[in-house]
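> Take a look at the letters that make up each chain.
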Amino acid sequence: MQYYVLIPLLPLSAFVLNILFGKKITNIFGESFKIGAHWISLLGVASAFVLSIIAVKDVMDGHVVNADLYTWITSGNLRVSIGFLIDQLTAVMLVVVTSVSLLVHVYSIGYMHGDKGYYRFFSFLSLFTFSMLMLVMANNFLQLYFGWEMVGLCSYFLIGFWYEKKSAASAAKKAFVVNRFGDFGFSLGVMLVFLTFGTLHYADVFQGLPGIIGQKITVLGFRTDLVTVIALLLTCGAIGKSAQLPLHAWLPDAMEGPTPVSALIHAATMVTAGVFMIARTAPIFNASRTAMVCVMLIGGCTAFFAATIALVQNDIKRVIAYSTISQLGYMFMACGAGAYAFGIFHLYTHAFFKALLFLCAGSVMHAMQGELNIQKMGGLKKYMPVTYWTMLLASLSISGVPGLSGFFSKDEILLKTLASGLPFSGVVWVLGMLTAFLTAFYSFRVIFLTFHGKFRGHGELTHHLHESPPSMAFPLMVLAVGAVAAGFVGIPHSLGGHDAFARFLEPVVGEARSEGSVAQQWVVMGLSILASTAGIAGAAYVYLKKTDLPQMVAESFHHLHSLLYNKYYVDELYDLVVVRLFYRISRGPINRIVDGRIIEGVVNGVPSLIAWSAARLRRVQTGVVLHYSLVMAGGLFAMVVYVLARLWKVI
Amino acid sequence: MRFDYPILSILIFLPVVSGILLIFVSRRFERAIKWFALTAATLTFLFSLPLFMNFDKGTSRMQFIERHAWIDDWGTSYFLGVDGISILMVLLSTLTGILCVSISWYSVKDKVKEFYIALLLVEGFMIGVFCSLDLFLFYIFWEAMLIPMYLIVGVWGGPNRIYAAIKFFIYTLVGSVLMLVGLIVLHHVADTFDLLKLMNTQLPYNLQLILFWAFFAAFAVKVPMFPVHTWLPDAHTEAPTAGSVLLAAILIKMGAYGFLRFSLPLFPQASVAMAPVMLVLSVIAIVYGGLICLAQSDLKRLIAYSSVSHMGFVTLGIFAMNGYGVQGGLLQMINHGVVTGGLFLSIGIVYERTHTRQIADYGGLASVMPIFAAFFMVFTLASIGLPGTNGFVGEFLVILGGFSRNRLSGVLAATGIIIGAIYMLWLYQRVFFTSVNERIAGLKDVSLREGLTLLPLLILVIWIGVYPDFFLSFMGTSVNSLLARLHQGPLDQSNVMNGVISGAGAFVK
Amino acid sequence: MVPLNWYIWLSAILFCTGMFGFITRRNLIIMLLSVEIMFNGVNVSLAAFSHYLQDAAGQVLVFIVIAVAAAEAAIGLALVILLFRHHETIMIDEINEMKG
Amino acid sequence: MIEKAFFLYFAFAAVAVSIITVTRRNVMHAVLCMLLLFFHLAGLYLLLNAEFLAAVQIIIYAGAIMVLFLFVIMLLNLREDVKKVQYGRLWFVGVIVVCGILLAMAGAYVFMVPGQRSDWTIGRIVAETHTAAIGQVLYTRYMFPFEVVSLILLVAVIGAIVLAKRQLK
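The listed protein sequences correspond, in order, to chains A, B, C and D. For what it's worth, this note's numbering labels the leading residue of the first sequence as 1, then goes sequentially. For what it's worth, this note's numbering labels the leading residue of the second sequence as 1001, then goes sequentially. For what it's worth, this note's numbering labels the leading residue of the third sequence as 2001, then goes sequentially. For what it's worth, this note's numbering labels the leading residue of the fourth sequence as 3001, then goes sequentially.
Note that these hints are calculated values from the structure, not bench results. Values in this document were obtained by computation on a predicted structure and should not be read as measured data. It is possible that some hints are incorrect.
[As the list claims (entries may be wrong)] A partial selection of chain C residues facing chain A, derived with a Cβ cut-off under 10 angstroms:
| # | residue |
| --- | --- |
| 1 | F2022 |
| 2 | T2024 |
| 3 | R2026 |
| 4 | L2061 |
| 5 | I2092 |
| 6 | E2094 |
[What the hints assert, rightly or not] Beyond 12 angstroms from chain A on every Cβ pair, some chain D residues (computed):
| # | residue |
| --- | --- |
| 7 | K3004 |
| 8 | V3056 |
| 9 | Q3116 |
| 10 | A3133 |
| 11 | E3147 |
Every residue, glycine too, gets a C-beta built ideally from N, C-alpha and C.
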């Protein structure tokens, strides 16, 4: 057996051990002696991380693995196996997943300390790691789908980790169900892929792809391009998982889960699965211009849309959540523009700084006794310096300050979008630029409101304010290094680098559609630097100098503010149109009328009709002999007449 | 493959004879009666294992055949055998038998002896249904099973049990009577009840249509398909736990099994012609059954309606009439038996403690009974078809089958997955999450006996989910030969409406 | 020689008279008497046919009818006694225990 | 001619008497009229050369059955019933039906075709004596009905006793 089989298997066994025996371990060793359930998970994930590094090295040496483990489902032509494909793309994902997961595991030791579901938390984290690894290592669509759904399940478990809270339970369900809407399209896409190509293995599908380009298919009476339909169906799944418009509504609610979960699942790894999937199936998307434009438009709109909402939110985790949606929009933009490598590059850098942002937020929450409202914070800089400095680095990175990792990836995306030459690419590029400005603004709004100025919270809280324990601080520092340096692997040519990251991924996802002219490169870079500095400066001016300005702006643009503050009323709309409608239909027409009246009416109606007619018929039995004799005589008469009539005919 | 001992007869008559023997045991020895019933059920299960081991997966012929002369004048004989379509159902029946005995250990308190007699009789007759290769014998088992089942619902059921039992009985009886008429017609034409001989008889198309609808009446009620499903929620809700489990796991599979065993091979052209109608009904059942779950406030009723939806997948798969669909449908039959059986067992466990089935009376159960919550979670996930559980494999194959037969039916069936997730997770949330409802505070978690009852099903959920090939390999050959038979005749799909009309006309005549 | 028709007309009229009594009278004993009249009406025609067709079978039938009439009268009257004991009346439409 | 005269007398008397029977308020009167009817019918049987039947008519009907009726009437106290309305409420319907049947029968006679004559001529009956003739037919061809009738009578005897007995221990 090859070592790579162990990469998902180790976290899986950690999960099994933990879920079965975790409680006992915790009980035996007790809270004080800190050999808790986390060691099993930690061990599993750490070894997976080490093996991933080995795998990356192997891939760099040119050993691409594509091997089947065993046959999962056989039915007719359908042969699906559980197998592993480890190429450059997978290698990147392996590193991202296992490293962030490992750090979040370490962080959780401190963060979840004393929670009664301690072992449960770690077992689910391990299960998530396993599922995510299965997702990225899959060598066929169905296994991808397996991982896809399993990470959704883990997300469900972990969002609803504090299930006693009704909001947490509802958010968990919402996340799962909204994702199911996306998966609906995804699963149909997988089926269409199978029916078109007769196989679900990536390699075979991509091989058969040239043969079906130009084929038509009838969908609801329209004849459309087959590849486009497949690509759009796959996009459905990606939209759901990566929280793009219009299925983004679950991600902000998902912040009900513990913060490490938000960092790992709802920022760094799971939500990027959509981007990963698009990159993985890049040949299919490349074959359909329509699908690419769709993806790019969705990405651009989502990026801008989410960034505007993030401007006015007061819940620190929600701001970061909307920022995640917005950054995922960038990745979609990149994929849509055909620059898959840069989408993945942004995914990779984003994983570090976004996980860091979340973990810092968790650290702040930890100190603030669970308070999330940034309006009630302030001046935390002096109490928690590690958290402050790391979060500042992350914010600088996300804002795209030159030299930090976020700068390289975002800049490249904007450039490649502009250069792609696809329809609407200009519009999307403008949206991306605006988003860059907004991103810098809201990121620093959080920084300034949280760490600068005076403490605006409850007076008593000041006694509790303290830096987080080392197990939490250590991951912050490691991630901060990542947030700063992760981008160095992909320094573009124009800055004297070699674009090493994109070169590395080229065998899998191909080159970008166009490098863009030198002039474009410099203009885009300049504009994006301008946007980020403007955003930071604007935030500093508004939230440090003129602290009453936000209030004034909010009042004078009252409608716009409440529109943004209420997230464009999307939740309310969905509640009205989807949720209510479902329940209405179910309760009224279906349950009460069709089932209750019509079907049950017929079913119970037949016996009651019989009973009714019997009640009428029994009146014939008067019990009076005279009536019976009369009827007998009448019968006799009738018989005689009948016989006579027959005789009459004969004669 | 033949044994030197009649294994199928043993499987059928071991429980039946044990049930009859129990009649002579005094009702005072309750413990002895329970242990006896458990032993009988376990022995039956153990006897079914050699069947499993020695089954030859490479052939579509009937195996373990037993044939004895019975009533020669009518062309009927005592003829048993299994193939890839029925063997898994036999195994599921024997397994379910044990679980039903075990789950009723303390929950059935009065008329204990009679209860176990009825239970054992049902088990034996059910196995008989799945093994019979003679239509007359099949009909006898089919009807015989109804009587003890009627008693289980009507005697040991909930407050509204009489209504439910009578409804169940009349519904199924009406269907069965039409099937009986069909049987007689079939015998009149072919002069035999022997299934294998009948399969070699080419019936005229119009006759096939009539017979198809006659058999449809019986099978559709059992499945239950869309307009004739309303007995199911009532019967499930009122039945005792073991009754619900038997209903869900085995009894309603008999309808789908009937389609596969009789309707499709005996009336191939009619089945092909009527398949679109069946597909429409199946899709309606999937969506309708799922939507109606959202309006339910009773745990068992909700699961019962979800059965309607899931059985819609089964019939969709069968009438998709391609390898994926039929195999998926068959696997989905097993899956639904395992999963819904598990859900009903779980509800029985908690009902024994709280004596309420109203969802509103629960809440926060996960804090009170964590192990139970874990079990229920797995069954819930399997029910919504999460990959890695058995539900996914079945649903995927069925939808794939439906999709390749008719895209729209596949798409609509796939919406069933969304709806399924909504109602099951909503149910789970209302029962297990949020703060602890005071009515259920302090309940004991599952006992060892209850855990052991649920565990086999849990293992099956994961096993089929992770390595379904083991189970699919049993069916492959049989399904392929069935499909080959189905598609050998002239396919005339354009003439469906004419078929319906002439079929109806023939009925009138 | 009396024509056969005359006997048959007589038989018909007697039969109808008996039937009239049976249908219209409320008194159970009278009804029984009416039945006897109907029997007799039939007997007349049987005997007449026997004579005109020179067949002894007709008379044998009359013989059998008389025996059955006797049995009927015995059972009927026993029932009358029983009814009278229970209801203090033999007016038949006052007794409707068999009403559905 | 004299035969016709006798027939007409017996026939009209029988009809008149039967009408009187069914219309009496007093049951006793009805029974006595019924007796008269039986005697007249016996006369008709004589006209038909059935002297054995005439004897049976008088012995069994008049002698046994009517006596049974008389006993029962005397056993019951029918004073109340005598005062009540004697005809059912639907009597006119009865009349219509009866008239209808009479008409229908009349219609039927139009088509009446006598069957084939058999071999029991007057001469043969006279030669064998009437009783012996009936006996020959009754105990050969009609043996089975005869046995059945005997069983019916047995049942009637037992039934009548069981029904009319006051209490069964």
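> Compare the structure with each hint and give your call.
Results of checking the hints against the structure:
Residue-level restraint check for C/F2022 holds (minimum Cβ-Cβ distance to chain A is 6 angstroms; threshold 10 angstroms). Residue-level restraint check for C/T2024 holds (minimum Cβ-Cβ distance to chain A is 8 angstroms; threshold 10 angstroms). A least Cβ separation of about 7 angstroms between C/R2026 and chain A falls short of the 10 angstroms threshold, and the interface hint therefore holds. The criterion of a C-beta within 10 angstroms of any C-beta in chain A is not met by C/L2061, whose closest approach is roughly 20 angstroms, and the hint is violated.
Restraint check, C/I2092 versus chain A: the minimum CB separation of about 5 angstroms is within 10 angstroms; hint holds. Restraint check, C/E2094 versus chain A: the minimum CB separation of about 9 angstroms is within 10 angstroms; hint holds. With a least CB separation of 29 angstroms from chain A, D/K3004 remains clear of the 12 angstroms interface cut-off, as annotated. At roughly 28 angstroms from the closest C-beta of chain A, the C-beta of D/V3056 stays outside 12 angstroms, upholding its exclusion from the interface.
With a least CB separation of 20 angstroms from chain A, D/Q3116 remains clear of the 12 angstroms interface cut-off, as annotated. Here D/A3133 stays apart from chain A, with its beta-carbon at least about 33 angstroms from theirs, past the 12 angstroms limit. Every Cβ of chain A is farther than 12 angstroms from the Cβ of D/E3147; the closest lies at roughly 29 angstroms, confirming the non-interface assignment.
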